[in-house]
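Engineer: Protein chains in written order, with full-length UniProt numbering: chain A, 1 to 120; chain B, 1 to 127.
Treat the hints with care, as some may be off.
[Claimed, not checked] Below 25 Å or equal to it, Euclidean Cα-Cα: the simulated BS3-like pairs (lysine-lysine) are:
hint	chain 1	residue 1	chain 2	residue 2
1	B	96	B	75
2	B	102	A	58
3	A	58	B	96
[To be verified] Covered stretches of chain A, going by a simulated chain B footprint (3 or more residues, C-beta under 8 Å):
hint	region
4	28-38
5	44-51
Hints were generated in silico from the structure; no laboratory data involved. The structure presented is a predicted model; accordingly, all values stated were derived computationally and were not measured. Every residue, glycine too, gets a C-beta built ideally from N, C-alpha and C.
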Amino acid sequence: MNTVTRAHLAEAIYAQVGLSRNESADLLEAVLERVGAALESGESVKISGFGTFSVRQKGRRIGRNPKTGQEVPILPRRVLVFRPSNGLKDVVNGRQPGMGDGGLDDGSDDGAGYDGAGDE
Amino acid sequence: MGYLATWDYARLIGRYPGSTSMTRSELIADLAEANPHLRGADVERIVGTIFDGISAALARGERVELRGFGAFTVKHRQARTGRNPRTGEAVPVDEKAVPFFKAGKELRDRINRPRSPRPAAAARIEA
Numbered sequence: 001m002n003t004v005t006r007a008h009l010a011e012a013i014y015a016q017v018g019l020s021r022n023e024s025a026d027l028l029e030a031v032l033e034r035v036g037a038a039l040e041s042g043e044s045v046k047i048s049g050f051g052t053f054s055v056r057q058k059g060r061r062i063g064r065n066p067k068t069g070q071e072v073p074i075l076p077r078r079v080l081v082f083r084p085s086n087g088l089k090d091v092v093n094g095r096q097p098g099m100g101d102g103g104l105d106d107g108s109d110d111g112a113g114y115d116g117a118g119d120e
Numbered sequence: 001m002g003y004l005a006t007w008d009y010a011r012l013i014g015r016y017p018g019s020t021s022m023t024r025s026e027l028i029a030d031l032a033e034a035n036p037h038l039r040g041a042d043v044e045r046i047v048g049t050i051f052d053g054i055s056a057a058l059a060r061g062e063r064v065e066l067r068g069f070g071a072f073t074v075k076h077r078q079a080r081t082g083r084n085p086r087t088g089e090a091v092p093v094d095e096k097a098v099p100f101f102k103a104g105k106e107l108r109d110r111i112n113r114p115r116s117p118r119p120a121a122a123a124r125i126e127a
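Here chain A stands alone, though its shape is the one from the complex (with noise of 0.2 Å):
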């Protein structure tokens, strides 16, 4: 399966703004690394017509190694979240951005239904 890298995502601003190369490429570094600097100070990010990156704090739980049964304090620690917005979901289904299903929300977990995502 093709990866697409910087290197692609800099190739694109290249050619649609048509920055220099050097300066395409770092202003792809410097959007990824302002909203690393945002999610790292605890603000999600939301980006419209993609989706919402966020930082979940996870309390401290016991855990197990699986292979020796051994119980393990699992620490307190923040994760992050991804929700793609519905526009995202549309679109890795093969249809226009904001077309939706067609079909009954079933109520499923995957939060579908709630339009929070990045769609403002």
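Got chain A sorted already, so can you dock chain B onto it with the hints?
Structural biologist: Then chain B, alone, in the frame of chain A:
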């Protein structure tokens, strides 16, 4: 609406004090401020090109890997029989594709860097 509109608006309102989220237009405004040699419209296009590029790759079923930041992939969910929670009626749910993001190690570590919790965050944990 032109490119400048959103950008100007974000600058005008500034970041809402105590806001706990950053929106696309705030991201654009921040970048524009850090790169005064670029036009606001260009900064807006840069941000748009990046997220559109990721979306387009996912739409093609491709994976997007940004070392240090994370990887976007598409996961496939099989068709199943769901239930209308209100009526208990069985509803067929078609198979579907779901966008998925896994944070890269560097970003994960960054988020977990030890630091004193912000008062707001601490209060939320207590509650």
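Engineer: None of the hints should be skipped; say for each whether it holds.
Structural biologist: The hints, checked one at a time:
no.	hint	verdict
1	B:96 - B:75	holds, 9 Å
2	B:102 - A:58	holds, 17 Å
3	A:58 - B:96	violated, 29 Å
4	28-38	holds (count 8)
5	44-51	holds (count 8)
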